[in-house]
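Trainee: Here's the letter readout for the chains.
Number of protein chains: 2
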Amino acid sequence: MSKPLDYENLNENVKKCQYAVRGELYLRASELQKEGKKIIFTNVGNPHALGQKPLTFPRQVIALCQAPFLLDDPNVGLVFPSDTIARAKHYLSLTSGGLGAYSDSRGVPGIRKEVAEFIERRDGYPSDPELIFLTDGASKGVMQILNATIRGDRDGILVPVPQYPLYSATISLLGGSLIPYYLEETANWGLDIVNLRQSVAQARSQGITVRAMVIINPGNPTGQCLSIANLKEVLQFCYQNNLVLLGDEVYQQNIYQDERPFISARKVLMDMGGPISKELQLVSFHTVSKGYWGECGQRGGYFEMTNISPKTVEEIYKVASISLSPNVPGQIFLGLMVNPPKPGDISYERFVRESKGILESLRKRAQIMTDGFNSCRNVVCNFTEGAMYSFPQIRLPPKAIEAAKKAGKVPDVFYCLKLLEATGISTVPGSGFGQKDGVFHLRTTILPAEEDMPAIMASFKKFNDEFMEQYEDYRGYSRM
Amino acid sequence: MSKPLDYENLNENVKKCQYAVRGELYLRASELQKEGKKIIFTNVGNPHALGQKPLTFPRQVIALCQAPFLLDDPNVGLVFPSDTIARAKHYLSLTSGGLGAYSDSRGVPGIRKEVAEFIERRDGYPSDPELIFLTDGASKGVMQILNATIRGDRDGILVPVPQYPLYSATISLLGGSLIPYYLEETANWGLDIVNLRQSVAQARSQGITVRAMVIINPGNPTGQCLSIANLKEVLQFCYQNNLVLLGDEVYQQNIYQDERPFISARKVLMDMGGPISKELQLVSFHTVSKGYWGECGQRGGYFEMTNISPKTVEEIYKVASISLSPNVPGQIFLGLMVNPPKPGDISYERFVRESKGILESLRKRAQIMTDGFNSCRNVVCNFTEGAMYSFPQIRLPPKAIEAAKKAGKVPDVFYCLKLLEATGISTVPGSGFGQKDGVFHLRTTILPAEEDMPAIMASFKKFNDEFMEQYEDYRGYSRM
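Chains as they are written, first to last, in this note's numbering: chain H, 12 to 491; chain G, 12 to 491.
Don't read these hints as lab results, they were simulated from the structure.
All values reported here derive from a predicted model rather than from experimental measurement.
The reader is advised that the hints may include incorrect statements.
Just so you know, same-sequence chains aren't split out, so a pair can sit in one copy or run between any two.
Calculated cross-link-like contacts (lysine-lysine; reagent style DSS-like; alpha-carbon spacing at most 30 Å) [what the hints assert, rightly or not]: (1) Lys-100 - Lys-27; (2) Lys-45 - Lys-322; (3) Lys-124 - Lys-289; (4) Lys-45 - Lys-410; (5) Lys-14 - Lys-124; (6) Lys-64 - Lys-124; (7) Lys-416 - Lys-329; (8) Lys-410 - Lys-48; (9) Lys-417 - Lys-367; (10) Lys-322 - Lys-417; (11) Lys-367 - Lys-100; (12) Lys-329 - Lys-27; (13) Lys-420 - Lys-375; (14) Lys-48 - Lys-100; (15) Lys-329 - Lys-26; (16) Lys-26 - Lys-416; (17) Lys-48 - Lys-322.
When you get a sec, could you build the whole thing from the sequences and use the hints?
Mentor: Quick look at the structure:
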């Protein structure tokens, strides 16, 4: 007799969901690593794993918060600058019981206040700490909001394609319907409102109630920064169609061009004024895992709700309470991120030097990578305007597609596996993010160390060009 | 027109779930605190919030892991003992990228190995690190396993009543059915197999497929420690009824008597031998939040799976991957908990002194509290054999029940609110955990400081005895 937790008896939604960022490619890469092969893990935006050093200041503050007895140690000043000591005392005074005590399930009130002040400075509009919840990373927040939203398989969530698979996986897990809208690769992954309208119309014709729309800005995996005009269109569209907008803005510090700085959906909404600014429901997400912080392992994030009623906020609070509280050190990281050292502080110069160094290097790496991909046979790649990823299109020759079929693999999985075996570069196939039929991509982070980048791109080019050589059939391909 | 995240449009399962530990009483207590009233928060097992000091050794190690640049600082030895430096290096070497990098979604492999070694030392049977997942506290692990188990409202989970509301809330959230089985207050909250059989038979007669059984050992809120004989019966029962057993063993370090030491469900299962030991599916949970650690805010926990097939483990791994990784500092706390200082280590004596001090004081507090409750009019209370709670029965006079009805409150909520207003003691009414009809309780932690305990119990007694005086009707009450 089969047992309750045997595969065939599991929750179908669990079985259905897919999460490619740690899927077949990652598992194979982990195996190869165990066998002693050198793997370059570019499957996930995990900067410290690829050698990025943590910023010194926040780590000093957290170390002191973890070891509050050091604050009374006569030698503490030999090891920690005085402003980190003051900051540690500040954050400890905001908690009730230090880092070892559960906080309120929404997060430490004093840190939520600091987040609200940061948002106000950033956007020029006041923000209410009561509408800000701290979370164990942004993903957990997204899951909480989707859980409150999705009532069953007739509830649809508009998700960009290509998308970050957190969305597809969570929607599957919660038994909802994903409604794709396509980003335009030829328009630098811009968002086309006509396409959006078609997606909604088609979903409705199938009896789906479209409830929410997700935007990822800057884009993951696509790297584009949305323009103000585009954001306005999106907000209008959500308003007209009675959708809550989920604004995934975790890459807001990661901008690699000057034409389109990051602008929050909330700021654009407030700038619009009128009824829409008072009525449109918006939830915005941010994190300590990205930017020049890259503190993924600490699991700190927040979401801010706009135009959401107190009764709903209470329900979300109640559900957050079931897991008691987000981790407190991660909350303090978030406090430090929204409230970094100021000019005049002892740690200010070092902090600026370190953070600028990281961002400038990422900008260079984005360029090296895009140029590298565009120098390869049958590869075209938009410039990474923001975020941490490059998403080149790989024009696979028909013979390669046939070979993939024979091997029982999706064509881009086939390509990425070959790449992994040949070079140790662990990417994620485009099919994990969604793409138009017959078009293939891969996602890689731009995170390998700057000095390693030329060798990695050379190794990629060698593999790719040989792969194309092997499978290309000029007659067949020229007809595509 | 109502908007997508307005209350009436939310997921019904979100609205249905209840979490009393942070429910009406907690919210009212928070209000009173804001107004300046001194509140004693005994609603949640949160030792550091009530003044318990963190153990020094693990905090030193974590501080160094957060600030790895200190390891090269010539002054580090002035502030940190050498064994904490060695341990920090050890844990950093187990990670790939330190505390700022996502780990594998199951947790850092080297720490999972340390957990397996701890289980083997504890139980005398080998444990497989591949079947151990690290989590952001035990609650998150329970939610993951229930999510894999529950397929719909016809799937039932056996839960003790009284129970810790994590279970009822999660089952509601996932749309499953809670099947209660009653613990016997007159038998010191023992588990009666006859009662269990009746619960299952009744659920089946209603078309429910009973899939899993939860035990909490030591008990929350009831404080009992299950005997080996009782655990054997439970395991046999699960085997006969094809149930997976979820063993919530987060209080395994919190034992306040010598007759019944903690024994894990896994050890009893392995000791039984034969087919049951190779077939019965068991998932066991543990945490850094309880015991003498009490590191709730760090969110570290694990679950260990026994007799679960690799295909199911893969599915659980996939879902864990969606939120990328548990927080890494919490994982290191767990490593330290299962691998504390050894005799001969510089930090050993201090560690033993601190941890013994905490446990011995908890034992005294358990006794003071039980005796205190039993000295009150119309209050009877079993001794807290383990865990962190006291769960006295409050025999409410009919007039009090009537007064509650008039106030629109459940009787024990009425009593607990009055207690809160009069004394500042913030408890959780028994109705939040489940209790037999017409019987009333409250739950309080045994965590207030030992020196404050006599005053708290005196304040409780004064309130209670006056309350009883006010509402008691001898004729009415003597008939009960």
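Trainee: Would you mind marking each hint as holding or not holding in the structure?
Mentor: Outcome of the hint check:
1. Lys-100 - Lys-27: neither (47 Å within a copy, 41 Å between copies)
2. Lys-45 - Lys-322: between (51 Å within a copy, 21 Å between copies)
3. Lys-124 - Lys-289: Classified as within; 22 Å inside a copy, 53 Å across copies.
4. Lys-45 - Lys-410: neither (32 Å within a copy, 70 Å between copies)
5. Lys-14 - Lys-124: between (49 Å within a copy, 27 Å between copies)
6. Lys-64 - Lys-124: both (29 Å within a copy, 27 Å between copies)
7. Lys-416 - Lys-329: Between copies only: 25 Å across, 49 Å inside.
8. Lys-410 - Lys-48: Cα proximity of Lys-410 and Lys-48: one copy only (29 Å, versus 76 Å across).
9. Lys-417 - Lys-367: Cα proximity of Lys-417 and Lys-367: none, with 49 Å in one copy and 65 Å across.
10. Lys-322 - Lys-417: Classified as between; 25 Å across copies, 55 Å inside a copy.
11. Lys-367 - Lys-100: Both, since 27 Å and 29 Å are each at most 30 Å.
12. Lys-329 - Lys-27: both (28 Å within a copy, 10 Å between copies)
13. Lys-420 - Lys-375: neither (35 Å within a copy, 64 Å between copies)
14. Lys-48 - Lys-100: between (46 Å within a copy, 24 Å between copies)
15. Lys-329 - Lys-26: both (28 Å within a copy, 9 Å between copies)
16. Lys-26 - Lys-416: within (24 Å within a copy, 47 Å between copies)
17. Lys-48 - Lys-322: between (54 Å within a copy, 26 Å between copies)
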